[in-house]
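What follows is the residue order along each chain.
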Amino acid sequence: MKAKKKWYDHLWIFSLTYLILGFVNILFAWLGMICFIVPLVISICWGNKAYCNKFCGRGQLFSMLGGHFGLSRKKDMPKWMKSKYFRYGFLIFFFTMFFIMLWNTYLVFAGQRPLGQKIKLLWTFKVPWHWAYHGTVFSDGVAQFAFGFYSIMLTSTILGYVTMILFKPRSWCVYCPMGTMTQLICKAKKRDEVTDRS
Amino acid sequence: MKRKASVDKSLCVACGCCVKVCPRAAISVPNGINAVIDEALCVGCGKCAKECPASVISLEEADNES
Chain L
1 MKAKKKWYDH LWIFSLTYLI LGFVNILFAW LGMICFIVPL VISICWGNKA
51 YCNKFCGRGQ LFSMLGGHFG LSRKKDMPKW MKSKYFRYGF LIFFFTMFFI
101 MLWNTYLVFA GQRPLGQKIK LLWTFKVPWH WAYHGTVFSD GVAQFAFGFY
151 SIMLTSTILG YVTMILFKPR SWCVYCPMGT MTQLICKAKK RDEVTDRS
Chain H
1 MKRKASVDKS LCVACGCCVK VCPRAAISVP NGINAVIDEA LCVGCGKCAK
51 ECPASVISLE EADNES
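For the protein sequence lines, the chains are L and H, in the order given. Mapping to this note's numbering: the first sequence position 161 is 161, numbers consecutive. Mapping to this note's numbering: the second sequence position 66 is 66, numbers consecutive.
Next comes chain L alone, as it looks inside the complex (with noise of 0.2 Å):
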């Protein structure tokens, strides 16, 4: 008996409408705020991890691709991978790097460094992206947040892909930096309320 599908499980339509429209102008990439305010209001508010077990729209998408389509292996992951170093070294890097890149921005906000119209692919290979971007009516720092961000959300989507073919469809959720910091909320949540009792 297969369960009936809900609203929420066509989400991985607007994962990936929002990796085509960074294709078509850059600034969408502000869209992409939605995948990291959601979950975090959800861990704080109500203590629990419904982005990541209902509403991850990439979550679907690599569920679909990996099992639907089967381009999934479907092996089980090394076990350093599942470690609790891997995923939290995992989650410093790229906030580690997502700071960076917002502190690039500010460069461009202050007007101390041109717009760079490119996206960085994992963090080391830089794509000309000039043909995304036809102006905006902000600061250029807006656009610039813009690249900064598609490239990491392009980015973290071809590793969740790689993991994807390698191992489990989503293997991409064991190191998701957001699943990982919105667990963490939820475990320092239920550890407060236990204290709160006594």
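Incorrect hints may have been included.
Below, simulated DSS-like cross-link-like pairs (lysine-lysine); rule was C-alpha separation at most 27 Å, straight line [to be verified]:
1) H:Lys-4 to H:Lys-47
2) L:Lys-54 to H:Lys-20
3) H:Lys-20 to H:Lys-2
4) H:Lys-4 to L:Lys-187
5) L:Lys-84 to H:Lys-2
6) L:Lys-79 to H:Lys-9
7) L:Lys-75 to L:Lys-54
8) L:Lys-54 to L:Lys-4
9) L:Lys-189 to H:Lys-9
10) L:Lys-189 to L:Lys-54
11) L:Lys-84 to H:Lys-9
12) L:Lys-6 to H:Lys-20
13) H:Lys-2 to L:Lys-75
14) L:Lys-187 to H:Lys-50
These aren't lab readings, by the way, just hints derived from the structure by calculation.
Fit chain H to the given chain L structure using the hints.
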């Protein structure tokens, strides 16, 4: 002897992939910490174990149950 799914809680990432595939709605992720299996509902089909991206669910003999 019946086989039931069992989660290694220390390694569970609480992603909820197992919840989605369970045909008996026997799995939940209370408080977003780790997956919990309701042994009364679990039929030991192993779908969750197969789906788990971290491969931390296994089927184990639950011999103390009737």
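Structure-based check of all given hints:
1. H:Lys-4 to H:Lys-47: holds, 11 Å
2. L:Lys-54 to H:Lys-20: holds, 8 Å
3. H:Lys-20 to H:Lys-2: holds, 23 Å
4. H:Lys-4 to L:Lys-187: The hint holds at about 26 Å.
5. L:Lys-84 to H:Lys-2: With Cα atoms ~32 Å apart, Lys-84 of chain L and Lys-2 of chain H exceed 27 Å; violated.
6. L:Lys-79 to H:Lys-9: holds, 15 Å
7. L:Lys-75 to L:Lys-54: holds, 24 Å
8. L:Lys-54 to L:Lys-4: With a Cα-Cα distance of about 14 Å, the restraint between Lys-54 of chain L and Lys-4 of chain L holds, given a limit of 27 Å.
9. L:Lys-189 to H:Lys-9: Answer holds: Lys-189 of chain L to Lys-9 of chain H is near 17 Å, not above 27 Å.
10. L:Lys-189 to L:Lys-54: holds, 20 Å
11. L:Lys-84 to H:Lys-9: Holds: Lys-84 of chain L and Lys-9 of chain H sit about 12 Å apart, inside 27 Å.
12. L:Lys-6 to H:Lys-20: holds, 11 Å
13. H:Lys-2 to L:Lys-75: The given pair, whose Cα atoms are some 26 Å apart, holds under the 27 Å limit.
14. L:Lys-187 to H:Lys-50: Satisfied, since the Cα-Cα distance of roughly 26 Å is no more than 27 Å.
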